[in-house]
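S.K.: Below are the chains, spelled out letter by letter.
Number of protein chains: 2
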Amino acid sequence: MADFSQQLSALREGIDELDTQLVELLAKRNQITTQVGQLKAQAGMPVYVPEREKALIASRRAQAEALGVSADLTEDLLRRVMRESYHTQNNNYRCVKPDLDNVVVIGGAGALGRVFVSLFERSNYTVSVVEKDDWDNGRAYAVLSSASLVVVAVPINLTESVIGKLTMLPKACVLADITSIKAKPLDAMLAVHEGPVVGLHPMFGPDAPGMIKQVVVVCDGRRSEQYAWLIEQMRIWGATIHDSTAKEHDQAMAYIQVMRHFNTFVYGQHLKGENPDLESLTMFSSPIYRLELAMVGRLFAQSPQLYADIIFNNPDNFALLRRFHERFGLALTLLEEGNKKGFVEQFMKVGAWFGDYAKKCLVDSKQMLLKADDGQLLRDK
Amino acid sequence: MADFSQQLSALREGIDELDTQLVELLAKRNQITTQVGQLKAQAGMPVYVPEREKALIASRRAQAEALGVSADLTEDLLRRVMRESYHTQNNNYRCVKPDLDNVVVIGGAGALGRVFVSLFERSNYTVSVVEKDDWDNGRAYAVLSSASLVVVAVPINLTESVIGKLTMLPKACVLADITSIKAKPLDAMLAVHEGPVVGLHPMFGPDAPGMIKQVVVVCDGRRSEQYAWLIEQMRIWGATIHDSTAKEHDQAMAYIQVMRHFNTFVYGQHLKGENPDLESLTMFSSPIYRLELAMVGRLFAQSPQLYADIIFNNPDNFALLRRFHERFGLALTLLEEGNKKGFVEQFMKVGAWFGDYAKKCLVDSKQMLLKADDGQLLRDK
Chain A
0 MADFSQQLSA LREGIDELDT QLVELLAKRN QITTQVGQLK AQAGMPVYVP EREKALIASR
60 RAQAEALGVS ADLTEDLLRR VMRESYHTQN NNYRCVKPDL DNVVVIGGAG ALGRVFVSLF
120 ERSNYTVSVV EKDDWDNGRA YAVLSSASLV VVAVPINLTE SVIGKLTMLP KACVLADITS
180 IKAKPLDAML AVHEGPVVGL HPMFGPDAPG MIKQVVVVCD GRRSEQYAWL IEQMRIWGAT
240 IHDSTAKEHD QAMAYIQVMR HFNTFVYGQH LKGENPDLES LTMFSSPIYR LELAMVGRLF
300 AQSPQLYADI IFNNPDNFAL LRRFHERFGL ALTLLEEGNK KGFVEQFMKV GAWFGDYAKK
360 CLVDSKQMLL KADDGQLLRD K
Chain B
0 MADFSQQLSA LREGIDELDT QLVELLAKRN QITTQVGQLK AQAGMPVYVP EREKALIASR
60 RAQAEALGVS ADLTEDLLRR VMRESYHTQN NNYRCVKPDL DNVVVIGGAG ALGRVFVSLF
120 ERSNYTVSVV EKDDWDNGRA YAVLSSASLV VVAVPINLTE SVIGKLTMLP KACVLADITS
180 IKAKPLDAML AVHEGPVVGL HPMFGPDAPG MIKQVVVVCD GRRSEQYAWL IEQMRIWGAT
240 IHDSTAKEHD QAMAYIQVMR HFNTFVYGQH LKGENPDLES LTMFSSPIYR LELAMVGRLF
300 AQSPQLYADI IFNNPDNFAL LRRFHERFGL ALTLLEEGNK KGFVEQFMKV GAWFGDYAKK
360 CLVDSKQMLL KADDGQLLRD K
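Going line by line, the protein sequences match chains A and B.
Under numbering that gives the first Met the number 0, the first residue of the first sequence carries the number 0, and numbering increases by one thereafter.
Under numbering that gives the first Met the number 0, the first residue of the second sequence carries the number 0, and numbering increases by one thereafter.
Among the clues, some could well be false.
As the list claims (entries may be wrong) - With a cut-off of at most 30 Å between alpha-carbon atoms, the simulated BS3-like pairs for lysine-lysine come out as follows: (1) A:K27 x B:K27; (2) B:K131 x A:K358; (3) A:K246 x B:K359; (4) B:K365 x A:K359; (5) A:K271 x B:K131; (6) A:K53 x B:K365; (7) A:K164 x B:K164; (8) A:K246 x B:K340; (9) A:K53 x A:K358; (10) A:K183 x B:K164; (11) A:K340 x B:K27; (12) B:K359 x A:K365; (13) A:K359 x B:K359; (14) A:K365 x B:K271; (15) A:K271 x A:K170; (16) B:K271 x A:K358; (17) A:K365 x A:K348; (18) B:K348 x A:K271; (19) A:K131 x A:K96; (20) B:K271 x A:K339; (21) B:K358 x B:K53; (22) B:K271 x B:K246.
Rather than coming from a laboratory, the hints here were simulated on the basis of the structure.
For clarity, every value in this text was computed on a predicted model and none was experimentally measured.
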């Protein structure tokens with residue numbers, strides 16, 4: 000046994016030596032990617048280049064296979080490394096419209112507002128921030144009267160009233176918002192301002208590495224040629240642009256946000272009402288179940304007002320929620336009648352409706368769940 | 000611009016060179032971990048050693064920080080690398096009970112059954128598999144009459160009837176099952192067999208890397224000292240053992256499996272009924288929303304019968320589902336009455352019930368969501 004221990008120690012030293020080299024490699028890579036960032040900033044080249052990323056991964060996958068190393072492992076590691084370099088480069092970006100006078104972000108101290116302020120500043124724009132107090136002391140009026148771009152980044156429930164105050168904008172000023180509903184703010188902006196108007200919805204939260212690889216929904220209001228530069232600027236920041244009407248957007252959000260969050264809210268209420276031991280439930284849970292629990296729990300670490308605003312915003316959505324309630328009741332009747340056959344038939348019909356999408360969900364989420372366990376989701380670290 | 004292009008090319012070559020070294024490093028590491036696996040198999044040492052893993056990560060994190068490399072990046076990479084070596088080592092394990100005559104896995108061709116067969120074989124046990132046909136041709140009777148351990152690994156809806164046939168087991172034979180419900184199979188096993196009985200529930204699916212770091216719930220039936228070797232064997236395979244009564248287990252599963260899967264089933268029915276464009280919804284979705292969609296979609300790529308069995312199994316659970324339905328209805332009334340204040344109050348009460356657990360869910364799931372985007376969850380690859 001002593002001999003085995005010695006052999007094991009020797010092998011572990013070998014692994015430690017290689018892992019040490021790995022960290023040194025990361026340090027060197029970091030130095031080079033920092034230089035890449037600086038070069039790109041000077042030359043106005045985009046940070047995220049999909050073709051380069053694809054080619055890099057393809058080359059290393061091929062090399063891995065040739066050496067008997069898992070290609071998937073290699074890709075996973077590279078993607079994680081690349082995410083870090085996107086996140087930490089804190090790049091400057093090429094300025095699409097250098098002659099622009101003044102960008103004003105209303106609510107620029109908020110989580111997402113701050114992201115936009117930072118991106119504009121790192122693209123060499125002059126940025127002013129307008130907050131609540133500035134409306135009383137006259138500063139808001141002064142700043143907005145000379146703005147070239149105004150981005151409204153305030154909480155949903157304040158958005159329309161804030162937009163309503165924007166009567167002083169220069170005619171050529173671009174007016175935009177980043178609210179997670181689009182129809183009402185867009186109508187409000189079109190009503191208060193004669194110039195170019197666009198509704199944006201960045202489909203990511205403030206934790207994401209800036210805008211790289213994130214989706215921004217763009218809903219045209221008026222005079223898109225006048226704000227085309229802004230869309231290009233966001234592309235330079237790495238965003239994927241998704242054009243949509245405000246109506247399509249809000250309908251999608253009915254499912255994506257309202258339906259989902261309300262269901263999660265009720266699920267949380269239900270758990271509270273039934274009062275199981277959460278630590279115990281977690282202990283009994285495999286990775287998929289821990290993820291399901293986490294998706295419920297996480298809601299309640301966030302702002303009640305934010306979710307109330309999203310859920311209550313559009314009464315048209317209540318009918319959608321009602322129909323879910325009815326469907327739940329009908330499905331329950333299947334159970335209470337012991338109609339297993341009926342349940343299976345309905346399950347298969349839903350499967351047919353999802354089609355290949357269901358398989359894609361299964362395959363993609365399986366990969367994610369393996370990663371959930373790497374990171375010890377909800378487990379003691 | 001030509002000069003910038005040249006400089007960028009040179010820097011990219013530098014990155015490619017380092018990434019190439021990374022892959023070579025992975026190949027060398029693989030060679031050493033394979034040797035570690037062989038050594039451990041010979042010496043009967045466990046594959047997964049928590050203290051070693053912790054120490055390894057701590058050392059490399061410290062080194063990373065000293066070199067200005069992200070410690071979290073380093074840890075993420077190492078965890079991913081280690082998962083690969085656990086998964087691919089296909090080790091042999093120390094045999095806890097070498098004098099054991101015969102392990103029989105009933106349903107050993109099924110997904111989870113196969114995992115057990117493989118683990119037993121790699122621990123040097125003699126394993127026989129009994130399948131459906133073997134009951135008619137006499138082979139089942141022959142094999143089971145001389146078994147030292149029988150593991151029942153058949154679908155839920157067949158479990159009790161299969162257990163009911165096990166009247167021929169030797170007195171000292173250990174009888175176990177791996178069904179995802181525990182009270183009924185345990186009672187059935189205690190009724191049909193006089194010897195040692197234990198109910199197991201492996202809390203992971205067949206995609207997981209064997210049993211390493213996975214949870215197995217153990218519900219004692221009878222004579223635990225007689226099957227203690229089996230529990231130790233599972234620990235050697237890397238499992239975390241969680242003791243529980245069958246009742247506690249089934250109550251936990253009411254939340255973890257029945258409540259969750261039924262809700263997801265209804266959600267899927269609801270989407271089918273409302274018929275939105277799924278590709279479009281995905282396009283509008285940020286990572287968290289794509290994950291939510293994936294968690295619904297994935298259900299319908301799986302067996303309707305499996306979920307029907309789980310959901311219908313215990314009528315006591317229907318009342319739990321009914322109460323969810325009632326709570327959903329009450330919450331809807333809040334909306335329809337425009338009672339935003341009431342909603343916020345109730346939201347905060349649920350938050351208070353979750354306590355710190357909610358924050359843990361948020362923090363842990365945020366990490367996961369960054370990884371979801373690395374892997375392009377539901378995005379075109």
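S.K.: Run every hint past the structure and note whether it holds.
M.R.: Going through the hints against the structure:
For the proposed pair K27 (chain A) and K27 (chain B), the alpha carbon gap of about 20 Å is at most 30 Å, so the pair holds. Proposed proximity of K131 (chain B) and K358 (chain A) is supported: the alpha carbons are some 29 Å apart, at most 30 Å. Restraint check for K246 (chain A) and K359 (chain B): not satisfied, since their Cα atoms lie roughly 36 Å apart, outside the 30 Å limit. The hinted pair formed by K365 (chain B) and K359 (chain A) meets the criterion: a straight-line CA distance of about 22 Å does not exceed 30 Å.
Our distance criterion of 30 Å between C-alpha atoms is broken by K271 (chain A) and K131 (chain B), whose separation comes to about 44 Å. Only pairs whose Cα atoms come within 30 Å are accepted, and K53 (chain A) paired with K365 (chain B) is accepted, the gap being roughly 25 Å. Simply put, K164 (chain A) and K164 (chain B) have alpha-carbon atoms about 79 Å apart, too far for the 30 Å limit, and the pair is violated. Taking the CA atoms of K246 (chain A) and K340 (chain B), the gap is near 28 Å; set against the 30 Å cutoff, the hint holds.
Straight-line distance between C-alpha atoms of K53 (chain A) and K358 (chain A) comes to about 24 Å, which keeps the hinted pair within the 30 Å bound. For the suggested pair K183 (chain A) and K164 (chain B), the alpha carbons sit about 67 Å apart, so the restraint of at most 30 Å is broken. With a C-alpha separation of about 54 Å, the suggested pairing of K340 (chain A) with K27 (chain B) is violated against the 30 Å cut-off. Of the pairs offered as hints, the one joining K359 (chain B) and K365 (chain A) holds, with about 22 Å between alpha carbons and a cut-off of 30 Å not exceeded.
For the given pair, K359 (chain A) sits about 29 Å from K359 (chain B) by alpha-carbon distance, which is consistent with the 30 Å threshold. Between the alpha carbons of K365 (chain A) and K271 (chain B) the distance comes to roughly 23 Å, so the proposed pair stays at or under 30 Å and holds. Between K271 (chain A) and K170 (chain A), the direct Cα distance comes to roughly 53 Å. Violation of the 30 Å bound is thereby established for this hinted pair. At most 30 Å may separate the alpha-carbon atoms for a hinted pair to count; K271 (chain B) and K358 (chain A) meet this at roughly 16 Å.
Between K365 (chain A) and K348 (chain A), the direct Cα distance comes to roughly 23 Å. Compliance with the 30 Å bound is thereby established for this hinted pair. At roughly 9 Å between alpha-carbon atoms, K348 (chain B) and K271 (chain A) fall within 30 Å of each other, so this suggested pair holds. Note on K131 (chain A) and K96 (chain A): the hinted pairing holds, with a Cα-Cα distance of about 28 Å set against a maximum of 30 Å. Distance check on the hinted pair: K271 (chain B) and K339 (chain A) sit about 20 Å apart at the alpha-carbon level, within 30 Å; holds.
For the hint linking K358 (chain B) to K53 (chain B), the alpha-carbon distance of about 24 Å falls within 30 Å, and the restraint holds. Only pairs whose Cα atoms come within 30 Å are accepted, and K271 (chain B) paired with K246 (chain B) is rejected, the gap being roughly 36 Å.
The structure fails to meet hints 3, 5, 7, 10, 11, 15 and 22 from the earlier list, while all remaining hints are met.
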